[in-house]
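Colleague: Once you've looked at the hints, dock chain S with the ligands against the given chain R.
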Amino acid sequence: MSHATTASHDDLHAAPPRGLSRWLFTTNHKDIGTLYLLFSLLMFLVGGTMALVVRAELFQPGLQFVDPLFFNQMTTMHALIMIFGAVMPAFTGLANWLIPMMIGAPDMALPRMNNWSFWILPFAFTLLLSTLFMEGGAPAGGWTMYAPLSVQGPPSIDFLILAIHMMGISSIMGAINVIATILNLRAPGVTLMKMPLFVWTWLITAYLLIAVMPVLAGVVTMTLTDRHFGTSFFDAAGGGDPILFQHIFWFFGHPEVYILILPAFGIISQIIPTFARKPLFGYSSMVYATASIAFLSFIVWAHHMFTVGMPVAGQLFFMYSTMLIAVPTGVKVFNWVATMWRGAMTFETPMLFAIAFVFLFTIGGFSGLMLAIAPADYQYHDTYFVVAHFHYVLVPGAVFSIMAAAYFWLPKWTGHQYNETLGKIHFWLSAISVNITFFPQHFLGLAGMPRRIPDYSLQFAGFNEISSVGAFLFGLSQLLFVYIVIKTIRGGEPATAQVWEGARGLEWTVPSPAPYHTFATAPDNKAMSAAGMLPAAEAGH
Amino acid sequence: MMLSASFRQLAVWMGVIALSPAVYAQTEYAVNFQTPVTETAQQVYQLHMLIFWICVAIGAVVFSVMLISIVLHRKSKGVQPAQFHESTTVEILWTLVPFAILISMAIPATKTLIAMADTANSDMSIKITASQFKWQYDYLNEEVSLISALATPREQIFEAADKSEHYLLEVDNPVVLPTNTRIRFLLTAADVIHAWWVPALGLKKDAVPGFINEMWTKIDQPGIYRGQCAELCGANHGFMPIVLDVRSPEDYQSWVAERQAAKAAELAALAANKEWSLDELNQRGEKIFLANCAVCHQATGQGMPPAFPALNGSPMVTQQEPIAQIEQVLKGKNAMPSFAASLNDLDIAAVITYTKNAWDNHTGTVVQPSAVAAAR
Ligand code: HEC
Ligand SMILES: [Cu+2]
Ligand SMILES: [Cu+2]
Numbered sequence: 001m002s003h004a005t006t007a008s009h010d011d012l013h014a015a016p017p018r019g020l021s022r023w024l025f026t027t028n029h030k031d032i033g034t035l036y037l038l039f040s041l042l043m044f045l046v047g048g049t050m051a052l053v054v055r056a057e058l059f060q061p062g063l064q065f066v067d068p069l070f071f072n073q074m075t076t077m078h079a080l081i082m083i084f085g086a087v088m089p090a091f092t093g094l095a096n097w098l099i100p101m102m103i104g105a106p107d108m109a110l111p112r113m114n115n116w117s118f119w120i121l122p123f124a125f126t127l128l129l130s131t132l133f134m135e136g137g138a139p140a141g142g143w144t145m146y147a148p149l150s151v152q153g154p155p156s157i158d159f160l161i162l163a164i165h166m167m168g169i170s171s172i173m174g175a176i177n178v179i180a181t182i183l184n185l186r187a188p189g190v191t192l193m194k195m196p197l198f199v200w201t202w203l204i205t206a207y208l209l210i211a212v213m214p215v216l217a218g219v220v221t222m223t224l225t226d227r228h229f230g231t232s233f234f235d236a237a238g239g240g241d242p243i244l245f246q247h248i249f250w251f252f253g254h255p256e257v258y259i260l261i262l263p264a265f266g267i268i269s270q271i272i273p274t275f276a277r278k279p280l281f282g283y284s285s286m287v288y289a290t291a292s293i294a295f296l297s298f299i300v301w302a303h304h305m306f307t308v309g310m311p312v313a314g315q316l317f318f319m320y321s322t323m324l325i326a327v328p329t330g331v332k333v334f335n336w337v338a339t340m341w342r343g344a345m346t347f348e349t350p351m352l353f354a355i356a357f358v359f360l361f362t363i364g365g366f367s368g369l370m371l372a373i374a375p376a377d378y379q380y381h382d383t384y385f386v387v388a389h390f391h392y393v394l395v396p397g398a399v400f401s402i403m404a405a406a407y408f409w410l411p412k413w414t415g416h417q418y419n420e421t422l423g424k425i426h427f428w429l430s431a432i433s434v435n436i437t438f439f440p441q442h443f444l445g446l447a448g449m450p451r452r453i454p455d456y457s458l459q460f461a462g463f464n465e466i467s468s469v470g471a472f473l474f475g476l477s478q479l480l481f482v483y484i485v486i487k488t489i490r491g492g493e494p495a496t497a498q499v500w501e502g503a504r505g506l507e508w509t510v511p512s513p514a515p516y517h518t519f520a521t522a523p524d525n526k527a528m529s530a531a532g533m534l535p536a537a538e539a540g541h
Numbered sequence: 542m543m544l545s546a547s548f549r550q551l552a553v554w555m556g557v558i559a560l561s562p563a564v565y566a567q568t569e570y571a572v573n574f575q576t577p578v579t580e581t582a583q584q585v586y587q588l589h590m591l592i593f594w595i596c597v598a599i600g601a602v603v604f605s606v607m608l609i610s611i612v613l614h615r616k617s618k619g620v621q622p623a624q625f626h627e628s629t630t631v632e633i634l635w636t637l638v639p640f641a642i643l644i645s646m647a648i649p650a651t652k653t654l655i656a657m658a659d660t661a662n663s664d665m666s667i668k669i670t671a672s673q674f675k676w677q678y679d680y681l682n683e684e685v686s687l688i689s690a691l692a693t694p695r696e697q698i699f700e701a702a703d704k705s706e707h708y709l710l711e712v713d714n715p716v717v718l719p720t721n722t723r724i725r726f727l728l729t730a731a732d733v734i735h736a737w738w739v740p741a742l743g744l745k746k747d748a749v750p751g752f753i754n755e756m757w758t759k760i761d762q763p764g765i766y767r768g769q770c771a772e773l774c775g776a777n778h779g780f781m782p783i784v785l786d787v788r789s790p791e792d793y794q795s796w797v798a799e800r801q802a803a804k805a806a807e808l809a810a811l812a813a814n815k816e817w818s819l820d821e822l823n824q825r826g827e828k829i830f831l832a833n834c835a836v837c838h839q840a841t842g843q844g845m846p847p848a849f850p851a852l853n854g855s856p857m858v859t860q861q862e863p864i865a866q867i868e869q870v871l872k873g874k875n876a877m878p879s880f881a882a883s884l885n886d887l888d889i890a891a892v893i894t895y896t897k898n899a900w901d902n903h904t905g906t907v908v909q910p911s912a913v914a915a916a917r
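Going down the list, the protein sequences come from chains R and S. First residue of the first sequence? That's 1 in our numbering, and the numbers climb one at a time after it. First residue of the second sequence? That's 542 in our numbering, and the numbers climb one at a time after it.
Bound conformation, chain R alone (with noise of 0.2 Å):
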């Protein structure tokens, strides 16, 4: 008994073994973490240097490089891939990496699922890349996978569903490890209404990805069934309905948006408050806004739909229902901004991008609202005005956040400081060329160009080629991004614990980098009072 007891402390300090059986067999959390990230990053170029296809093709009107097909391939390749690809498993790693040290807890609940939910992603990816190679051509169907355009589609429709199949089957892992770690390891002390907002707004979101994972699942085996099998889910000719996969997609589909933007809440609530050097304005209201956010993210999907022709009470009640959810997105946004006020600010690079998230963050809320109002929305609908809607939410919007907890954790992470200048020259260039990038594309879209065309009509070419230099700048700049965070893991100004000077939570009581092993034993009162966790009276104030 007590020698099994010895072996497993001993196992608990050993160093990680070295070589490619560390990072396969791993069931450390950090490990898993780092994988997650460093997938992600080579998800993002790849979807990126897919956008560059398109964006290439569209600095001019004509055909010049690619022909209709394969631009479609390119658009539909390039949101699955940064979806499920780049800004989901991104999230993973920083819940991977960060939730066990922020509830002091020695790991995550289910080490081995952990490992699993990571390493089915490169197959998955492997699979829905090979696509590309394959007679018929990678899906061109559009991410949404309409019916019935992705039911008549070529063979590698189905290995997208089974890719499909595979990484719902990681995220539903990935989530139910979230869940399983916060409700069950907190360490004594970390209440829920003490946990950090980003373990908040990642529990959320792991029941979001649980709620409508499966419901993915299930639209694209109907297609699958209609495909090979026989069944007629969405074909009216069989007493089907093309419009239902519509409302099952979008079931998930709207969620699933949340689920790409909830995390980012968390880390902008984190960073803001370190770098104003003053708590979080309404702790409280910040997760009842997530819950309700949530909540709501269930009954709004036939926004995406107001043109298929469904009954006005319908669009009534979408309409209104979307419209509701401006209001707890705007308690977020007041209260980081309340938060800034009066504080004490400083600009490394973290709080510049999460600055600029809260700034362009909004500006996609209000296109956002605008395309809730349902008679609006038949002009903006299926135009560039909802492409620069959901890049704005989705670039300096998610991806922004994912940048910004990358520059604030490194140091935690690597134990070394990143180079501060060639950061800011980072977030600098990104911002003003996302902005050059798809702030344009809102005018194109109001003036009646349609989204998903290789090719537009002469008065749209000013924008687009505007847009297009915009593109390949924000490509271009992330290149620098991959180099400082290479250059940042090999070296650099090393670290303090601390970090940041305004920074707060256990993470932060550990040494940088981060050991293997942290909280094999539940933070001490001291961490707990250094975290700010502990009740003003026990912390000795």
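None of these hints come from the bench; they were simulated from the model. Hints should not be assumed to be uniformly reliable.
Claimed, not checked - From chain R, some residues computed to sit far from chain S (all C-beta separations above 10 Å): (1) Thr362; (2) His391; (3) Asn435.
What the hints assert, rightly or not - Straight-line alpha carbon distances no greater than 27 Å define the calculated DSS-like cross-link-like pairs of lysine-lysine that follow: (4) Lys668(S) <-> Lys804(S); (5) Lys872(S) <-> Lys815(S); (6) Lys424(R) <-> Lys618(S); (7) Lys828(S) <-> Lys668(S); (8) Lys424(R) <-> Lys668(S); (9) Lys618(S) <-> Lys668(S).
These figures come from a predicted structure and were not determined experimentally. By construction, the Cβ of each residue, glycine as well, lies at the ideal position given by its N, Cα and C atoms.
Modeller: Then chain S with the ligands, alone, in the frame of chain R:
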């Protein structure tokens, strides 16, 4: 071929950073909706501007507070951070005020939505059938039909010719409509989902196979209005324009009369078993080919093997006996759709005659409509 064109283009691309002067002259840098030409479109435009200005106002407040904070509340100015947080009053306020603003948007939106959905009391109805990649319009009251497809030549798309003024927004047969008439559209599709969108009318709706959607309009001003398919419908989704030629009711009536007379003459000729000349059929056939067949078999007749076979030099096309080809077009085969419903005997005879004489297929064979009628 595609690749060498790309390299040529790449050279051009690197040479000129700016747009070519011709394109530049056409660029509009329009930042807002096209001028609305119906009452509904006008309402939608006003609604759009209302929400836009509300967003601008909220943005101005929020962003000013942020900017002030960024300028004043920085550590470099030596300020001490305040430690305030949580204020129920403030939090209730910033929940209720947005709620009230939302209601002020919802009221006009609801009114407009209900008005747009009311398709009753229309003066005429047009059924629109979308298919890859063209629009068929059936005027239900006048018994007039037309098929409308992209008219921009391939050379313009592939940079082998200068682009025309209405590049990609021009069709072979525009839809002629009367002003000041309440028109109801019935919308459906033959293959996949498409969406019919003309921005100046403020109308966009999906065309769903197996279902019929409705929408209505009443256009105030005569003119040419252009739009496009708005729902991804396949490779050539970007090449499916819509052109409306809106005329005064009198001009519209005379157009209808003209169409009906032409159709009657055609029917009479068919009934009389008129022998059509090679030239007549070729001329007609070329248009039909470009509108119906060129998406797959290409205007050059080269097709896109292996998916779409070449018709140029195809044994089935060049053989003397046309029956196999008539069957192919009437019944379709695998990925090739049937044209029995969308084309009449004369059209099918014309398109087949055309393919038998176009490109390198100088067969001199003429296929008469009677041969198609016999094969049906
Ligand atoms: C949606 C794409 C599509 C369209 C539109 C289309 N075809 Fe085809 N066509 C095909 C395909 C695919 C085949 C080969 C069918 C097979 O044998 O499996 C084909 C075969 C043919 C053949 C036989 C060629 C051979 O050598 O075997 C002829 C003739 C033909 N098409 C004529 C036409 C004409 C005339 C039209 C216009 C009225 C037309 N097609 C429109 C896809 C199309
Ligand atoms: Cu949504
Ligand atoms: Cu289309």
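Colleague: Next step is simple, just say for each hint if it's right about the structure.
Modeller: Evaluated hints:
Not every CB of chain S lies more than 10 Å from the CB of Thr362(R), the least distance being 7 Å, so the non-interface label is violated. At the 10 Å boundary, the C-beta of His391(R) stays outside the reach of chain S, the nearest C-beta of that chain being 17 Å off. Asn435(R), annotated as away from the interface, keeps every beta carbon of chain S farther than 10 Å; the closest lies near 14 Å. The hinted pair formed by Lys668(S) and Lys804(S) meets the criterion: a straight-line CA distance of about 19 Å does not exceed 27 Å.
Taking the CA atoms of Lys872(S) and Lys815(S), the gap is near 25 Å; set against the 27 Å cutoff, the hint holds. Proximity of Lys424(R) to Lys618(S) is assessed by CA-CA distance (about 21 Å); at most 27 Å being required, the pair is judged to hold. Between the alpha carbons of Lys828(S) and Lys668(S) the distance comes to roughly 22 Å, so the proposed pair stays at or under 27 Å and holds. For the hint pairing Lys424(R) with Lys668(S), the CA-to-CA distance comes to about 58 Å; that exceeds 27 Å, so the pair is violated.
At roughly 69 Å between alpha-carbon atoms, Lys618(S) and Lys668(S) are farther apart than 27 Å, so this suggested pair is violated.
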